[in-house]
Amino acid sequence: MSARLTADFWVRAYLARLQAAHIPAYVLARGDATAGAVLVKLATLDGQAQLFQRSFDLMTGARAWVVLAEGPEAEVDASIARQRRSDPDLWVIEIESREGRTLLDEDGLAE
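This note's numbering applies: residue 40 is where the sequence shown begins, and numbers increase by one.
Source of the hints: derived by calculation from the structure; they are not laboratory data.
All clues stand as given, with none of them false.
For each label pair, taking beta carbons as the anchor points, the in silico distance ranges come out as:
1. P127 / A60: 26 to 34 Å
2. A117 / D146: 29 to 37 Å
3. A74 / V105: 16 to 24 Å
4. L67 / L148: 16 to 24 Å
5. R137 / F95: 28 to 36 Å
6. D85 / L44: 32 to 40 Å
7. M98 / E138: 26 to 34 Å
8. E145 / Q87: 21 to 29 Å
9. L148 / E109: 13 to 21 Å
10. D85 / D128: 30 to 38 Å
11. Q58 / M98: 34 to 42 Å
12. E135 / Q92: 15 to 23 Å
13. V105 / E138: 14 to 22 Å
Cβ atoms here follow ideal geometry from the backbone N, Cα and C, with glycine treated the same way.
Working from the sequences, and respecting the hints, build out all of it.
Shown next, in the form of structure tokens:
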């Protein structure tokens, strides 16, 4: 059995990596510090957005970030609100990047 990072620790490390890459990011909602799931919203500053959620592939055991919602930012925000109503322990991070950079595909974040 492998040790798992707490949600709070992962979020702080992710925000530090974003800051080092000069990508603005904010915590919109704080979830459970130990085991809360994390959603990442990418706002491209043109009225559009994407919402990412970490998914687990039961067949391979791999973890990957998948797009949960995308389109007009207001619709993505509505999706976040629905998710938060059903899971109050959920963390939500917002990234602002015209280039669409999230760093979620980098080592240590994708797994």
